[in-house]
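Asks: Sequence:
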Amino acid sequence: MGYALFTARKMSLTARLNLCNAQIMSNSERANKLSMDIFSLQNKNSIEKANQTLAAQTKYTEKLNKLDANAENYYEEQQKAEAELNEATAKINKESLMSDLQIQGLNMQQTQLDQQRKYLETQLNAYSHELEAVGKAEEDAIKKAAPSYK
37 MGYALFTARK MSLTARLNLC NAQIMSNSER ANKLSMDIFS LQNKNSIEKA
87 NQTLAAQTKY TEKLNKLDAN AENYYEEQQK AEAELNEATA KINKESLMSD
137 LQIQGLNMQQ TQLDQQRKYL ETQLNAYSHE LEAVGKAEED AIKKAAPSYK
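So the sequence shown is numbered by the working numbering: it starts at 37 and just counts up by one.
Certain hints may be false.
What follows is a list of derived Cβ distance ranges for each label pair [said to hold, decoys possible]:
no., residue 1, residue 2, range
1, N68, L137, 43 to 51 Å
2, D136, L103, 46 to 54 Å
3, A58, T94, 51 to 59 Å
4, T94, D73, 29 to 37 Å
5, A177, S62, 47 to 55 Å
6, K102, R66, 52 to 60 Å
7, N129, S48, 34 to 42 Å
8, Q138, L90, 53 to 61 Å
9, S62, M134, 24 to 32 Å
10, K80, A51, 42 to 50 Å
11, S48, M134, 26 to 34 Å
12, E120, K69, 24 to 32 Å
Below, computed lysine-lysine pairings styled on DSSO-like, alpha-carbon distance capped at 30 Å [stated by the list, open to error]:
no., residue 1, residue 2
13, K69, K154
14, K85, K99
15, K172, K46
16, K116, K85
To be clear, the hints were calculated from the coordinates, so they are not data collected in a lab.
Since this is a predicted model, take the numbers as computed values, not measurements.
All C-beta atoms, glycine included, are put in the ideal place defined by N, C-alpha and C.
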């Protein structure tokens with residue numbers, strides 16, 4: 037009759053192990069998708085920032101090239117072009133900061149998933165050890181219950 041208790045416990049632990057493994061797999065899939073999203077967002081932001089910076093620099097250079105160095109308002113026009121470049125650069129940096137904040141939020145989610153995965157792995161390890169202990173206890177009970185002939 038003791039065997040039924042061990043068998044029931046082993047079945048319960050096996051179910052918990054399977055559930056824990058399924059949760060770890062699901063967690064890993066979500067973490068992988070999140071990593072891909074972060075990577076894509078970082079690449080997109082880098083490309084956009086580079087393109088916007090290049091466009092702003094090109095516009096600035098074109099304005100400077102159009103200016104006549106001997107004109108009376110050369111200095112004012114040069115200052116105006118620099119101010120526009122600085123304004124465009126500030127706008128680019130602001131957009132980049134917003135994207136970085138979004139990426140930081142995704143990184144925080146990834147950290148939470150990592151912590152959850154570690155917790156699940158700890159549970160999985162505990163269930164595995166307990167299943168081994170129940171198996172050994174069952175073997176001992178079988179040995180003790182078996183008649184010995186001397």
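Asks: Each hint should be assessed against the structure and marked as holding or not.
Replies: Hint check results:
1. Judged by the Cβ atoms, the range 43 to 51 Å given for N68 and L137 is violated: they are separated by roughly 23 Å.
2. Against the hinted window of 46 to 54 Å, the Cβ-Cβ separation of D136 and L103 comes to about 36 Å, which falls outside the hint.
3. Between A58 and T94 the Cβ separation comes to about 54 Å, which falls inside the hinted range of 51 to 59 Å.
4. Roughly 31 Å separates the CB atoms of T94 and D73, a value that falls within the hinted 29 to 37 Å.
5. For the pair A177 and S62, the supplied restraint of 47 to 55 Å is violated, since their beta-carbon distance comes to about 36 Å.
6. The beta-carbon spacing between K102 and R66, approximately 54 Å, falls within the hinted interval of 52 to 60 Å.
7. Taking 34 to 42 Å as the suggested C-beta distance range, the pair N129 and S48 does not conform, at roughly 57 Å.
8. The hinted range of 53 to 61 Å is not satisfied by Q138 and L90, whose Cβ atoms lie roughly 23 Å apart.
9. The hinted window of 24 to 32 Å between S62 and M134 holds, with their beta carbons roughly 31 Å apart.
10. Distance hint for K80 and A51: a CB-CB separation of about 43 Å, consistent with the stated range 42 to 50 Å.
11. The hint said 26 to 34 Å for the Cβ distance between S48 and M134, and at roughly 50 Å that hint is violated.
12. Distance hint check for E120 and K69: the Cβ-Cβ separation is about 41 Å, which falls outside the suggested range of 24 to 32 Å.
13. This hinted pair checks out: K69 and K154 have alpha carbons roughly 18 Å apart, not beyond 30 Å.
14. In summary, the hint linking K85 to K99 is supported, as the alpha carbons are separated by about 21 Å, within the 30 Å threshold.
15. A hinted pair counts as satisfied when its Cα atoms are at most 30 Å apart, and K172 with K46 qualifies at roughly 11 Å.
16. A C-alpha spacing of about 23 Å is found between K116 and K85, which places the hinted pair at or below 30 Å, so the restraint holds.
Checked against the numbered hints given earlier, this structure breaks hints 1, 2, 5, 7, 8, 11 and 12; the rest are met.
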